[in-house]
Amino acid sequence: MTRRKPPKVSFRWWVDRQIDQARERGEFDDLPGTGKPLPKPTGNDAATDWILRQVRAGGHDTQALLPPALALKREVQDLPDRLAGERAERQVRELVEDLNDRIRAAYLNHHNGPPLTVALVDVEAAVADWRRSRAAS
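Counting from -7, one number per residue, gives the positions in the sequence shown under our numbering.
One thing to keep in mind: the hints can contain errors.
As the list claims (entries may be wrong) - Label pairs and their computed distance ranges (CB to CB):
id	residue 1	residue 2	range
1	E19	Q69	43 to 49 angstroms
2	S2	D90	55 to 61 angstroms
3	S125	P24	43 to 49 angstroms
Bear in mind the hints are in silico, worked out from the structure with no lab data behind them.
Ideal placement from N, C-alpha and C gives every residue a C-beta, glycine not left out.
Please build the complete structure, drawing on both the sequences and the hints.
See below:
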């Protein structure tokens, strides 16, 4: 059990001492990952990196971690690729209209995070782009 920090001792010294004692007792031996290199830093803090690794390891989409403003912006950016896989114009229109509905709802609802700067997607322009992409392939 961990002891309480003695008075008049710096917190840093006390923690370092606890770690040294645990190392001497062998409590860090045979931990998972021992001897393996640390993952490359991504520029995020360690907690964010850990969460991203866990989400990806579980096969989940990291986009779910984005605040609404950034998630919608990413969705608009990825829209042409998503529409390229659709076979029917009706489905293309439904996808774009659904995205526009969610953008409108985000503007009406208060949300945390960065400000929402996403414009509605022009349905007719998206359909025309989809038609051009299908004709080219």
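Structure-based check of each hint:
{"no.": "1", "hint": "E19 <-> Q69: 43 to 49 angstroms", "result": "holds (47 angstroms)"}
{"no.": "2", "hint": "S2 <-> D90: 55 to 61 angstroms", "result": "holds (57 angstroms)"}
{"no.": "3", "hint": "S125 <-> P24: 43 to 49 angstroms", "result": "holds (47 angstroms)"}
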